[in-house]
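Colleague: Spelled out, the chains give:
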Amino acid sequence: MLGSGILKGLAVTAKNFVGSYHDPARMVTVQYPEERSKLPENYRSFPLLVCEDAADPMGTLRCVACQICEKECPPQCIYIEKSKDKKPDATGKPQLYPTVFAIDTSVCMGCGICAEVCPFDSIKMDQVFEVAATDRFTELLLNREQLAKPNSYYHSIHPTEAAEVDARLAAARLAAEEKAKAAAAAAAAKAAAAATAKPAAPAQPPSAPPTASASSTAPAPGAEAPKSYSRVS
Amino acid sequence: MIGTGSAPSPFGQLSGPTVRKVKDPFHGDLLEVSMGPQHPSTHGVFRMDVTLDGEVIVKLKPVFGYLHRNHEKIAENTSYLGSMPYTDRLDYLSSMSTNWAYALAVEKLAGLTVPDRAQYLRIILAELTRLVNHVCLVGFLFNDLGTSFTPLLYAFREREKIIDLFEALSGSRMMCNYQRFGGCRVDPTPEWLAAASRLVDNFPSFLDEYESMLTGNEIMLARTQGVGRLDPKHAINAGITGPVLRASGVNYDLRKVDGYGFYPRFDFRIPLGDHGDTYDRYMMRILEMRESVKILQQAFRELPAGPIMDPKAKLRGFRPKPGEAYGRLESPKGELGFYLLSDGSPNPYRYRVRPPSLINLTLLEEMCLGHTVADAVVILGSIDIVLGEVDR
Numbered sequence: 001m002l003g004s005g006i007l008k009g010l011a012v013t014a015k016n017f018v019g020s021y022h023d024p025a026r027m028v029t030v031q032y033p034e035e036r037s038k039l040p041e042n043y044r045s046f047p048l049l050v051c052e053d054a055a056d057p058m059g060t061l062r063c064v065a066c067q068i069c070e071k072e073c074p075p076q077c078i079y080i081e082k083s084k085d086k087k088p089d090a091t092g093k094p095q096l097y098p099t100v101f102a103i104d105t106s107v108c109m110g111c112g113i114c115a116e117v118c119p120f121d122s123i124k125m126d127q128v129f130e131v132a133a134t135d136r137f138t139e140l141l142l143n144r145e146q147l148a149k150p151n152s153y154y155h156s157i158h159p160t161e162a163a164e165v166d167a168r169l170a171a172a173r174l175a176a177e178e179k180a181k182a183a184a185a186a187a188a189a190k191a192a193a194a195a196t197a198k199p200a201a202p203a204q205p206p207s208a209p210p211t212a213s214a215s216s217t218a219p220a221p222g223a224e225a226p227k228s229y230s231r232v233s
Numbered sequence: 234m235i236g237t238g239s240a241p242s243p244f245g246q247l248s249g250p251t252v253r254k255v256k257d258p259f260h261g262d263l264l265e266v267s268m269g270p271q272h273p274s275t276h277g278v279f280r281m282d283v284t285l286d287g288e289v290i291v292k293l294k295p296v297f298g299y300l301h302r303n304h305e306k307i308a309e310n311t312s313y314l315g316s317m318p319y320t321d322r323l324d325y326l327s328s329m330s331t332n333w334a335y336a337l338a339v340e341k342l343a344g345l346t347v348p349d350r351a352q353y354l355r356i357i358l359a360e361l362t363r364l365v366n367h368v369c370l371v372g373f374l375f376n377d378l379g380t381s382f383t384p385l386l387y388a389f390r391e392r393e394k395i396i397d398l399f400e401a402l403s404g405s406r407m408m409c410n411y412q413r414f415g416g417c418r419v420d421p422t423p424e425w426l427a428a429a430s431r432l433v434d435n436f437p438s439f440l441d442e443y444e445s446m447l448t449g450n451e452i453m454l455a456r457t458q459g460v461g462r463l464d465p466k467h468a469i470n471a472g473i474t475g476p477v478l479r480a481s482g483v484n485y486d487l488r489k490v491d492g493y494g495f496y497p498r499f500d501f502r503i504p505l506g507d508h509g510d511t512y513d514r515y516m517m518r519i520l521e522m523r524e525s526v527k528i529l530q531q532a533f534r535e536l537p538a539g540p541i542m543d544p545k546a547k548l549r550g551f552r553p554k555p556g557e558a559y560g561r562l563e564s565p566k567g568e569l570g571f572y573l574l575s576d577g578s579p580n581p582y583r584y585r586v587r588p589p590s591l592i593n594l595t596l597l598e599e600m601c602l603g604h605t606v607a608d609a610v611v612i613l614g615s616i617d618i619v620l621g622e623v624d625r
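The listed protein sequences correspond, in order, to chains A and B. So that you can map any letter, position 214 of the first sequence is 214 in our numbering, and since no number is skipped, the others follow by simple counting. If you want our numbering, it's the 1-based position in the second sequence plus 233.
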C-alpha cells in the first residue's frame, strides 16, 4: 500500500519520542555545564609538565631539557631553552633543566606525541578542555610555571599510567642508588688498598699529615651524593 | 541564447559535449549557478559550478581546493611519526583507517611485522570506523534528501557510542592517532573489549530500526531510485573505488583483492548493487555495516593475547632504508593509498596520498547530468566525500 513505508517510519519516530522520556538507551544527552559525563582515563587534551613537589614546582621538574619533544612535535609548538647549570633529576643524576619551556596551545593539536617520546616521563597529557581565552597571544601561550602540575594531579587524571610511571622511576632511583653505593664501596676498597699499600712506601716523618686518612675520606662525597638528593623521593 | 542560433552565447565556451541544446527556443537562457563553497549540502567548503536549463543540470564542474592544507608537503618536512597525527585530519570521520593505511605503507618501507593481537585490533578499529563512517553517511544523505535532522540524529546517537569507545582507547574522539609503525599504541582493557563487543552485538537492532524507518519510505524511493546512475564501465575507467563502485556491480574490495592484514582469515561477503543509482549506494552502506558487524563479532571471538608492538619498531630516530612503498587499504570511502619514497633520512623524500573521495568526485558530472539541482545534492551526498581528504 502506498504510504505504508511512511507510516512505519512515523511509528519509529513516535517510539523514539516517547522513549526519550523514560528509556535510558534513548536518553543520551547531559545538561552540560551542570551535568558532566566522566572523562575516560586515556583522554588527552594539552601537555603538562610533571613536577614532584607542589610546593616547589620549578625546583622539582622532571624535565631535563633534552628537547626531544621540541624536535618531535608535529606542529612545532614547543620552545625550550636549556639551563647553564645542572640540578639533580628524579633519579638523582645531575641534569640540565629548562629555563624556558613554552607551549603555544593555540597551535598544539593535542596529538600526544610529546608525551609518548619523552624518555623522562616528564611531559604528559592534561585533561582540561575549558581553556577558552579572549587573547590568543598571551593567554594561550603557556610558560613552564603554568604548565607545571604536581605528580599528585597527574595521579588524579591518569591513575593507571601514573602508577606505572612511579614504579618505573622508583626502580630507576633504586638502581642509581645501588650503583652509587657500589661505586662508593669500590672507591672505599680502592682507598683501603691504597692505605695498606702506603705503609710499604718509604718512611715519612710522623708530623706529616697522614695521606692514608686523607685518601680514605675521598670517596665520602660520592657515597653521600644520593642522600643529598633525597628530596625527590 | 543557446539554441536560437542568432546571438552569441553569453557563457562563451559552453558548447562542449556535455551541454545540451535547449529544446524550446523561446524558453530562455541557460543559467550558471555557483553552489558553494559555503553551502549546507556540499559537506564542507566545496563548490559546484552548475549550468542549468530551467532546473535541469546541463553542465557541472566540481571546484575544490578550499581546504588545501599542504598535507603532503608538511609530511615531507616532518618525521615519519610526526605525520601520523596529520593523517587523522585527512578523512576526519574515519581516522583509524587512515592511520592504518599510513602505518601499512611505512611498515612495508621499513620491513616491520605486526604482531597478531595488533592485527586483530586494527581490524576491529577499522571496522568500527566503517560503522561510524557509514552511519554518518546515511544520516547526512537523509539530511540532503530533506528529512530535517531526525535520521541524522538517530545515526549520530549510534556514532557517539563508537566515538566514545575511540576516546576511551586512544584519548581522542576523532583525531585518534592510534596506529604506530609495527603495531598499536594502547592495549585495550578487558572492560573496553567487553563494551565494544556489547555495542557491536546491539548494532544490528539499530540498523533494523533505522531501515524500518527509512528504507521502505516511498518518498525516499522516489527521490533515490534511478537517480545518479553510474555505469560500471565509466566507473572502472575513472578509477572509482569503494561502495560507489560496488553499487554499480563491480566486485572489487581490497579486503578481498589484497587481503591485507588478517582479512583473509575472516568470513564476510561483499555486497554488490545492480543499478548504480543513489538507492544502491545507500543500500551498499547498510549492507556493508551488517557485514562489518559479522567481522567484528568474529574478531572479538578470536582476539589473541600477546604483544601489540613489533620489538624492532623504533619510536625515536626512525630512519627507514632508502626505497619506496605503496600501502593501500579499503577505507570506508574506497581505496586509500599512501606512497612513500625514502632516501634514508628521518623524513620521507616524497609522500603522496591517493584519496578515494577526490577520485570518486571526478564522475560527479556524469551522475548529475539530466537531473535537477535537488538531485545533485543527493547524488553528492551518496558519493560520500570528506573535504579534508579531497583537498588535503
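Everything labelled a hint here was simulated from the structure, so no lab data went into it. You may find that some hints are simply not true.
[Said to hold, decoys possible] Which bits of chain B does chain A cover? Going by a derived footprint, with three or more residues having C-beta under 8 Å, they are: (1) 305-315; (2) 324-337; (3) 449-460; (4) 513-524; (5) 586-597.
Note that beta-carbon positions come from the ideal geometry of N, C-alpha and C, so glycine has one too.
Colleague: Can you list which hints this structure breaks, lowest number first?
Modeller: Checked against the structure, the hints that fail are numbers 2, 4, 5, while the rest are satisfied.
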